[in-house]
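K.L.:
What follows is each chain in one-letter form.
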Amino acid sequence: MSTLARYLIQGMLYAAFAATVGYFSNAPTYRHLGADDALVRLSFSHAAQRVAPCRERTPEELAKLAPNMRAPLDCPRERSPVTVELELDGRLVFRNVVAPAGLRRDLASTVYWRQAVAAGEHRFTARMKDRPEGGFNFVKDVVVELAPGRVLVIDFDGTRGGFLFRM
Amino acid sequence: MLDEDQAQRPRGTVAFPISLAWCVIVVVEADTAWTGGRDRGPGVPGALRALERAFDLVFRAVANPWRHLGALGFFFFWVATASGIYLYLFFDTSVTGAYESVERLTHGQWYAGGVVRSLHRYASGAMVATVALHFVKELVGRRFAGFRWFSWVSGVPLVWLLLASGITGYWLVWDRLAQFVAMATAEWFDALPLFGEPIARNFAFPAAVSDRFFTLIMFLHVALPLALLAGMFVHIQRVNYADVLPARALGWGAFLALLALALAKPALSQGAADLATEPQTLALDWLVLGFYPLIYRFSPEALWIVAAAATLGLLILPFAARGERVPVARVDLANCNGCARCFADCPYAAIVMQPRAGGKAGQKHAAVVAGLCAGCGICTGACPSSTPFRSSERLVTGVDMPQQPIDAVRAELERKLARLHGEGRVVVFGCEQAAALHGCAGRGAATLSLTCVGQLPPAFVEYALRHGADGVLVASCLEGECVYRIGDTWTAQRLAGEREPHLRVTVPRERLRVVRAGAGEEKTLAQALTRFREALARMPRNEPRGSSRSKAPRALAAAQTGARG
Ligand code: HEM
Ligand code: SF4
Ligand code: SF4
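Going down the list, the protein sequences come from chains A and B.
Numbering follows the numbering used here, in which position 66 of the first sequence is assigned residue number 66; successive positions increment by one, without gaps.
Numbering follows the numbering used here, in which position 33 of the second sequence is assigned residue number 1033; successive positions increment by one, without gaps.
Read the hints as simulated data drawn from the structure, not as lab findings.
In this text the structure is predicted, and so the values were computed from the model without any measurement.
Idealized CB from N, CA, C, for every residue including glycine.
No false leads were mixed into what you were given.
Anything over 10 Å on all C-beta distances counts as not near chain A; from chain B, calculated: (1) W1078; (2) V1095; (3) R1104; (4) H1107; (5) Y1241; (6) A1349; (7) A1367; (8) G1439.
Below, a list of computed lysine to any residue pairs in the SDA-like style, where the Cα atoms sit at most 20 Å apart: (9) B/K1265 <-> A/A27; (10) B/K1265 <-> A/F24; (11) B/K1265 <-> A/M12; (12) B/K1265 <-> A/A16; (13) B/K1265 <-> A/G11; (14) B/K1265 <-> A/Y23; (15) B/K1265 <-> A/N26; (16) B/K1265 <-> A/T29; (17) B/K1265 <-> A/P28; (18) B/K1137 <-> A/T20.
This is chain B alone, in the form it adopts within the complex:
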């Protein structure tokens, strides 16, 4: 008569896979991350990237949800907060009053309270879904190692806080689902050897549930989201100019989608809690409560083990996966005037401005916090000392990259300029992370691949045009695809004269072209080069004008001759 197997197991056939997916996703995705996904640095691998780019066509990169998952997470948090405040005004924090107050809100003012309740529920669900996607995207892109460890590690507890916020919310309604949530939570926590008396006893009979307990849950449902917000704030501490606010189009799109859902499918309670009976079937919110059935499918202990192992595994992942160490930017005090442009442009807040020893009051210089540095070179591109026109034999700038010092970039440019001949002499500045440049090199262009396109000081464009190039093509990654988040944005702004250091206004703009070609889009780049050359062919030949530096180095002298001949 007592069939243990049958009794312990929920017989829903679909229920189980969904809840298990929550746990398995970690394992599967981690595996993908190890085996695939490693083509050109930490970025989103193949299939996902294609999907993101397809969305660009429809949404444009600024409002492409795949490119702004973190910002969407923040957005849904604010929707849930605003709607939650409204619900709180009408909520009765007592065992006897809670359910009724929610019912009155849902049906008595369906047009307001009902909609707000639905928004509250769906914003939470949407936040869980968005954060899950954000997490998977960072994972398969292997964006947990090295300097990103902080963002990664601080992200992990957010999952707990987010789910705990949702769980306490469902609890407050005190309907059949709340009853299940209360009991399941209690039975889950009772598996830990922490509490003398089982918490589940609090829900064994109707009389056992007290208003005090309800007040505690209400408190938790405010405190946990606040802790979540604090955690979110910490999470973005090392991300300068963090993308926490979706573009207007994306924000409205997401909000209207929630609103439509709220109207089409209002959130409802599932009958008042009744501790004398056990809920047999439930409309479960799998997004928030998806792992609860595992407590009964397996055991509370098993869920603890899986949850603890997943959490621990994720926390140590960045340290277990220690990749090659990235080279860290270096400041040269003699060439730093303290302008703080590098400080403003660093995507990871790795630059701090310090008082200059022995300097006048208020004089500062830049310093690099090695542990935070991504090695992107965006600071070098920002530094006014990075101008190639300086006549010194060796070009030393304020902040430089050991793997590709600005002097080596200038030397390479001069060498390659010297070899440019014939019609359509184009210099292509590209990025190691975006479309590869070999195709352009094959077509006779002088190519220079930088760590990030943001490493390019705008003066280099002018320099190339003055010393033998007919045109300069700057090949940048696709909008929103910068591995260092904002290198492409800064470069576009600097070249457009909207951000320091500017490209000088005297530089003929028709001889400069910026093309966006992401990793794998070499064809786009090649086509852009062809079209640019066609345009250049219609212009008069660009005669090298030289500069104060023309006299000095041999390579450049050769460049001039080559260009003339």
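Isolated chain A (complex conformation):
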């Protein structure tokens, strides 16, 4: 093979390598979310109520404890699981009972869920129960208009009245 031919073919092969790297660095286009879809992210971390209220220790119980441990109140640290439901246009799309984190189950319960929905107007109903007994103690019902590509974050903050719909 002549030197010229060798260099020509080398050039072509180097170009093919560069073209391959160049192509796959940008293409094919990845469709992450449908063109007419929006995204709902249900995401919060919430420390639920304790499974049982604090209780006063009887004098006998106190006597049994080491002197430096004689607190009059016995407060169980374990928290209740959190029950969450999300309805979309009257249909239940998410339901979960989330145990609290931590070895003693005394930390927050965390929910994370993502779901694409068709863009347009939707009615969302979010419900949550964070106590051992009774029904849902937080409910929020909203109607939102979601543009394509929009992200609706459903957060929860007990100190600000419960569910927050953020866009």
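Here the structure of chain A is known, so what remains is to put chain B with the ligands in place on it, guided by the hints.
P.N.:
Below, chain B with the ligands without anything else, positioned relative to chain A:
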């Protein structure tokens, strides 16, 4: 209204196969490795070998990219490092400033920063592509078992470090792609039961992303490549004279290719990150981020399982595939003078020089680290004690191979020399891994097949010429195809008098020919033999001159008679 199937799945039809290919490649190639690829020892199997050889014609072996994939990996790493340092000078490590600073760099100084940015991106992509090919080549060549386990096992984490380096790089730009990378990484890691609060919450709303987090990513984008470099260094620890620097022609070729690409298709951002919206379509770098769509195509957990299984599978592969144990070189202290030639020539750093017990200060001897030894015999070829002229009944050298001791090689040579008759008496020294010698034997040549051509002590060439051969043909593998990496190089240098032990200058060079014929190229070898004989026919007959050893053994005496008669 809520179509789960549709919502969860990216609808790009090509996207999925590419990302899946990343995972499937392991399975498919492993399968090929088991079923095919096993003809003559651990080497590259048929189709790939043909491709490599075709590239030799165009690039020459020294600059053939297929033969220097590891070196190219290093080269692209250095290009990415150098370009990265430049980018760092102009980069603003803050949520609000990052994107703008990259934009200014890309457009404000397109001729410098823009090109450098593109080089940085494409060098990383090229490195991933090169390492993937290097990996596949080692896999289909079954170069993971036995003494190679260390190179193999230390290679596996490099894949993780390489991809992680790339991922953190894309993150820093803080454009739409970075936003996707951040979210996908978070959602992927959140599938592990490690973190209390989901990391993904950090990217749920614009206000959630902090400069501190950015500083962390910047730190990772420096620390991970540094860890990668350290890993690369460990990876080549057991490979003596590792090929980490491409030949000039290959280096320039690769660099100019990147530069041309950088100019033709500058790397661009994809719009500032906006956490209030989800990117719908993205120009993804499939080389670095190719498996991310799997998180959404299947699930984060599924990707973890595939990644963990692939990693674990690759890590245990060398131990699961324990092939036959290779014979290990042995040192004979009485015949070792401590010259350290074997130490210098061993391709796998399996020889260490130790102080000689009871010897004078500074006196050393060679010792073999059995676990590292490839059993190639290159050390025997290097040892000055391996000369067949020694008159002892049994030839014992400083470092020898149990499967084919140098004494047996000499005995075989003497036996075969004794049977050489007529015109064109040629001895062919060949290699078990390269072209087979039976064709030459069929044509009346005396053939000796060694474990590696590097096992041949040059004195054997002289010995054959002194004891009845008209010529010696040394059949070596193709350049860059030595199963033990450098046996062919050392032999060529020793015969040319450029490396110890030299072939003595008094040996008539016209009676020695080195031919390169790789596995399967028996025809090339046969043709070389024919041409060599034609050349020898034009020379006077080579009269055996004998040596001090001529008196001793019976076989040799017979050789002399045979040669004369
Ligand atoms: C950053 C990524 C990597 C780089 C830069 C790299 C580079 C290198 C280099 C320079 C060599 C020496 C080649 C020679 O001198 O002949 C080598 C050898 C080797 N590499 Fe890699 N490598 C990488 C990843 C991998 C991976 C992922 C694997 C497989 C899991 C692997 C398996 C091997 C093996 C088995 C050898 C030994 C070959 C022999 O013994 O002849 N490497 N690598
Ligand atoms: S046989 Fe090969 S790998 Fe083993 S010590 Fe000798 S040169 Fe090194
Ligand atoms: S080449 Fe031979 S003599 Fe020299 S150190 Fe090695 S074994 Fe000893």
